[in-house]
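S.K.: For the record, the sequence lines run as chains A and B.
So for the first sequence, the working numbering puts the first residue at 1; every next one is plus one.
So for the second sequence, the working numbering puts the first residue at 1; every next one is plus one.
Hints in this document: simulated from the structure, not taken from any laboratory.
All figures in this text were calculated on a predicted structure; none of them were measured in a lab.
Backbone N, C-alpha and C fix where the C-beta goes; we use that ideal spot for every residue, glycine too.
Hints should not be assumed to be uniformly reliable.
[Stated by the list, open to error] Quick look at which bits of chain A chain B covers, simulated, 3 or more residues with Cβ under 8 Å:
| no. | stretch |
| --- | --- |
| 1 | 7-13 |
| 2 | 121-130 |
| 3 | 152-164 |
[Unchecked claim] Away from chain B, derived, C-beta distances all over 10 Å, residues of chain A:
| no. | residue |
| --- | --- |
| 4 | ASP16 |
| 5 | MET59 |
| 6 | CYS75 |
[Said to hold, decoys possible] List of simulated lysine-lysine pairs, DSS-like, C-alpha gap at most 27 Å:
| no. | chain 1 | residue 1 | chain 2 | residue 2 |
| --- | --- | --- | --- | --- |
| 7 | B | LYS194 | A | LYS77 |
| 8 | B | LYS77 | B | LYS108 |
| 9 | A | LYS87 | B | LYS510 |
| 10 | B | LYS510 | B | LYS484 |
| 11 | B | LYS472 | A | LYS87 |
| 12 | B | LYS220 | A | LYS77 |
| 13 | B | LYS221 | A | LYS87 |
| 14 | A | LYS87 | B | LYS462 |
| 15 | B | LYS186 | B | LYS221 |
| 16 | A | LYS213 | A | LYS156 |
| 17 | A | LYS87 | B | LYS194 |
| 18 | B | LYS186 | A | LYS77 |
| 19 | B | LYS108 | B | LYS40 |
| 20 | B | LYS462 | B | LYS472 |
| 21 | B | LYS187 | A | LYS77 |
| 22 | B | LYS221 | A | LYS6 |
| 23 | A | LYS6 | B | LYS220 |
| 24 | B | LYS186 | A | LYS87 |
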Amino acid sequence: MTEADKRVNLDQLDHDSCRSWDYSQDFCVTCGICSSMCPVSGIDDFDPRKLVRMISLGMENEAVDSRWPWICTMCGKCEASCPMEIKISSIVRKIRSLRERDEVPGILHKGLETALKTGNNLGLPKEDFEFILEDVAEEIAEEPSFENFTVEIDKKGANILTTIHNKLVNTHTDDLKHWWKIFHAAGEDWTVPSENWEGTNWGLFTGDDEAMKKMSGRIVDHMKNLGAKNLLWPE
Amino acid sequence: MALKTLVIGNGSCAFDIVDNLLSKNVEVIIATRDNSLHQKFSEIMGQNITEIHTETTIHSCTGAIGNFTISMKNNNKSIIRIVDCIVIAEDSFRKTLFASYGLSPSTKTISLSDLDNPENYKNIADENKSFVLLKGLKFESNPVISKEVMDSSIKLASHGQSKIYILTKNLKVAGNRLEALYRKAKKAGIIFIKFTDSEPEFFQGEDGKTCIEFTDEVTKKNFSLTPDITVVDESIVPSDYLETLAKTFGLNIDCSGFLQSDNVHRLPAYTNRKGIFVAGPSRGISSPEDYKAEAGTAAIAVLNNSDKNNYDIKDKAYINKGGCVRCLTCYRICPHKTISLNSTLSVMPEGCEGCGLCTAECPKNAITIENLDHKFLIPDDKIQNADSASKPRITAFCCSRSAAEAYKLAVSIGLTLPEGLKIVEVPCAGSISLTHILNSLKNSTGGTIILTCHEGNCFSEKGNVFAHNRAKSVSKMISDAGYKKERLMTYTIASNMGKEFSNILNDFEKNIIDLE
């Protein structure tokens, strides 16, 4: 295909298609400050300015199909530096939301699907989860001055209910110990739910508002059912 | 003193100037090449103090502020008038730019003025769906055209058109209120395509429609556009009369041919000649509102001359008739065109700015300005050296408008300066003659430094350039004679550069000490 064949007839695009979006991308002055701030600019030719430009021209189909919105780390440096106050990471999330769910990149899609189905990104069964937590608690109890340490799962009426990031019960179990020890030393009354304990909410990254709502709702339910007074959501 | 002023021009700006001047009882003479006056003038026709000359050109001008003798030509009739001041406010012109885009005007490819023409507008807006407006792609544009292009686009959008594109190089939104207008245009759905490193290509079909192909510089995607209407921008050019007027009055022009050189000292309404002012479309490209404001500043500039003390200076140049050989050097170089040519050459004192360019350049040393004599400025070194025998004596020639002010600033904020520093303040660096420099080198144990205004920032237009050139030739002379050329240096500086002044002088002293 020659260059000329690839030429798009600009006035065939619907420039108004994204105008109803809840961001002011119309005001981009193409200054490029976002591109120079972006930590992933240049990967696969991505830069935030191009994406904003495509949206304002009405090329959202192309943007949705491209890898670019998934290269973005949604760190937000672009919009923090934008002189026209364009909500660039919101635009990225909007584009991500428009992709067919089974076309969402592997790990994000799989993690979120698993979390929705099983309560956590890893698909870790309840008994394995409880075993790991108790194992970690036993290790702590072997240390001097932590002799009577225990973890109380699904305790009703605790002062603090805490969620768990899946890596803490997978590759980084030692990281649980630090704050559990602080709880112990402070005499804190705390608990962990045995199911739906996942603290991460990958709907944020895939642009899936429904999934986010469901994941957050589970934590709200824990608070109600267990009668916990405070929530610690260390994400 | 009742001021009499000649206003050259016949547009809104000229009218505003005349109106302003009449309201302050200035006696006004209007001269225009046109057959009749702009209709606006009818409002003030009744006031009998106005003298109007239509179909009249300026033939010559002699004399200086307060006493200009103007010779005008009306067909074959000669009119002579004596005036105090002159204001030039000739209208500028629109030039279509079809040719520079390689396009021909047609019903589908039109100029910006065609689009804005109220007679055609409704038809054009009703019968067409898509519009492309070109701006500054082939010819450096300006904020006035930017505003018109955006205004027209917004008008089309409010007419219900949804496909409106502005293809532009630098949009120049730094102009008054233009960023707000840009936002308004974006909100109206107008698509801006900006070109920085590339240009679109234009192809015109037999139906007169223009096809535009380009690569969007942001997305790097290739696009084409074949709008129903392509609107080609225009440039604003000075009246062809200005060139003649510049020659007649000895005025400097800018790079576009407007009657005010690119020199900050000439703002807002001044020229290189005392008593001759320029405003509005003769001065440059601005919006109609700005032209109105300029008409006001030009009138104020005229009124400031009602008192001679406001423009008369103390130290003027004087040509010693015995020494003058009529080589005309002074006549050529005087930046304020105030040398009069009669049986003998003389300086017209009212127009003299006392810059001293003539005194330095006169090959017969026949021109003097009191207080600029080298014997007065550079006293014998032996007496000076008694104070600071251990330190090298440094003579710094300082232009009164920049370096002398920077020196005062450096002193007032307590910066260190060389102990053996001798400041020689001169009206303009262009007045530093070969004799000044050579005497300074002879009398100084250390070195001589010349500090001038930055280039393009000289009140005498090129006085600083003269100073640098002169220093360069002396530098060669002294190094040929076996004298260290590092003892003579030149720098440019601005009045607010006290710290830099101190640094330059201290470095210079250090270099001189290293030489010994």
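S.K.: Checking each numbered hint in turn, tell me which of them this model violates, lowest number first.
M.R.: 2, 3, 4, 5, 8, 9, 11, 14, 19
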